[in-house]
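Peer 1: Starting from the known structure of chain A, arrange chain B on it as the hints suggest.
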Amino acid sequence: MQDADIINGLTGDYKQRAYFEKQLYLQYKYFIDEGCRKYQFLYEDSFSAYSDAVLAAIHNIVNNRFDNRYSLKTYLFQIFHNKCVDHLRKITNNKQQVYKSAATPELLSHLPEAAKNVIEKLIDQEKISRVSQYLEAIGDKCKEILLLSADGYTDKQIAEKLGYNNAAVTKTTRLRCREKLNNYLLRYE
Amino acid sequence: MNDSYEYIEAYFKEQLNDTEKKRFEERCVHDESFAREVAFFIATTEGIRQSLLNEKQQQWNSDEFKKQSASIRPVKKLFNKWPYMAAAACLLFAVAIYFFYRPETPHQLANKYIMEHIIQLSQTMNASKDSLQQGIAAYNNKDYKTALQIFGEIYRSNPQNFLAKKYIGFVYLAAENYDKALQQFNELANTAGVYKNPGLFLEALTLLQRNEQGDEEQAKQLLEKVVKEKTEGSREAEIWLKKL
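Protein sequences, first through last, are from chains A and B. Per my numbering, numbering of the first sequence is gapless, rising by one per residue and ending at 189. Per my numbering, numbering of the second sequence is gapless, rising by one per residue and ending at 1244.
Only chain B is shown next, with the shape it has when bound in the complex:
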């Protein structure tokens, strides 16, 4: 049974070469006994997947998860409150006009981004169980010393934890220790294997926030690279470049 099982599993794990793959697919059509084995494999695998899904659903439907239902958007109610939406639209329009006549400086852009995306990090309920969550809790409470200690320990124990590395940079950035923040983000940017590496964008952001002589020019070069390489933050980078 195991040979056949391993062969079928290898097909679905995409471990067969093109010739083997083609042969497998032909056997499914022309060899009834083999087709039955494949059907049995798929049925069993699907059954296991459904059991796994049941377990995940129980976990995701637990009271702890339900407490976090604040993230659900009250879509219907929004449509019933059109007068408020109209008022909000007017207000937004007024705000837009205000900002149109008062263009933001690069430093203001960076500061706004930091206030909106970096100064408070999202957190889950079971903060006590997870060291990363404990670090985030300390960070959100502006206890940067503790946050740095926790993120540092996580990163030292697992240098593949890029999120911890990024958060170390956030701590330095929030504590206005820009040189060290730049060092962290630079190291992150030079780390291979990080999906849509945010290092370059964060480096540029820190330079704009520090706002010393030459920082803006250097940030501009980094942002151009971010747009070109389509790494994390490329959308913001594109907008900012128009304003720099």
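Pulled out of the complex, with its shape left as it was, chain A reads as follows:
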């Protein structure tokens, strides 16, 4: 499938999105082997970096942040390469037992350097790892709405998907769900 088909598919009708996500994943799946060869990764590690890269690429495309000066292959490979380097750092740091490191949260890259340095120090990695546990606790509906929102679906699309009256209702529900999750995390503090 050509780049334009995948990009139009991902940004067009959201009901078709899952199909084009699958196409994008399959089209460059051979990167996983390249990760194993180039970085001496286990298949699971290379798969993890590749799937993370595909998800990041999808979100950038859906949010119109895809830089169309590059081909989809070049763009995806660049993200994949960065994820592999992140993973290598993580392995190295863990071996040296400097600290238990984790990948840098994606949102940090939106901030300018000065703000980024301040915020990065305040981020609690333990909290990040606890989110999945608390997502189970806030109920299936809340979990679903938060995951769809994180997946780049708009409030209007979520309303259509989950049968809410309109985008405003979805937004209110989404904020309540997020607050519920936050309360669990703050309780842990």
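The hints are simulated quantities; they were obtained by calculation from the structure and are not laboratory data. Glycine included, C-beta positions come from ideal geometry on N, C-alpha and C. Just so you know, nobody snuck in bad clues.
Listed below are the simulated BS3-like cross-link pairs for lysine-lysine, each with C-alpha atoms no more than 30 Å apart in a straight line:
#	chain 1	residue 1	chain 2	residue 2
1	A	Lys22	B	Lys1230
2	A	Lys38	A	Lys90
3	A	Lys121	B	Lys1021
4	A	Lys171	B	Lys1013
Over 10 Å on every C-beta distance to chain A, these chain B residues come out as not near it, computed from the model:
#	residue
5	Ala1086
6	Cys1090
7	Leu1092
8	Phe1093
9	Thr1105
10	His1107
11	Ala1138
12	Lys1145
13	Asn1186
14	Glu1187
15	Asn1211
16	Leu1241
Peer 2: Leaving out everything else, chain B in the frame of chain A:
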């Protein structure tokens, strides 16, 4: 909580204006309590993203996806088989020489492109669940009547589905109904909002394949437009123009 949450979310969704954005970034540096809220927002969002990634990984690592591992290139093995590669290179060289002395006609160029890129479309395993996939399956089986019916229904139910529109054109092209193929690709080319719109290139391709009087000249003009506008197919268009 919600006001602050919405404000932080608006920043990361790039919904703030430049002044608000600057103010937000300054607060991150100088207001510790606000910086903690932002850090909490980022940590929670990242946690949700990682849960989403776990779900996608489970889906992408499922047996159905693994069956399609044929797409993975056996890179290492290729390097261990250099004698075969050398033989293949010699063969390619011979083929290149052959083609060098026998330049392709525009019609042959178009025909070759159609055979390589259009006559068989890529398909996923769960063809039964997806109507577009069912259409592609029918198309690949040369059941053009069924394919046309399926793609037509998809397009009628959602005129934003440009891929269905393109596939309708492919069906007509494969069935050698060039006039209707041209009509579909022309409509596609005139549709606004399609990323790297392939309509013009496909129109030119159809004209070269039809090969009637005046078609080549018209195709040439369209290909020049494709190169100029850098739409889908511009790389092929550039090569073809040198041969026309």
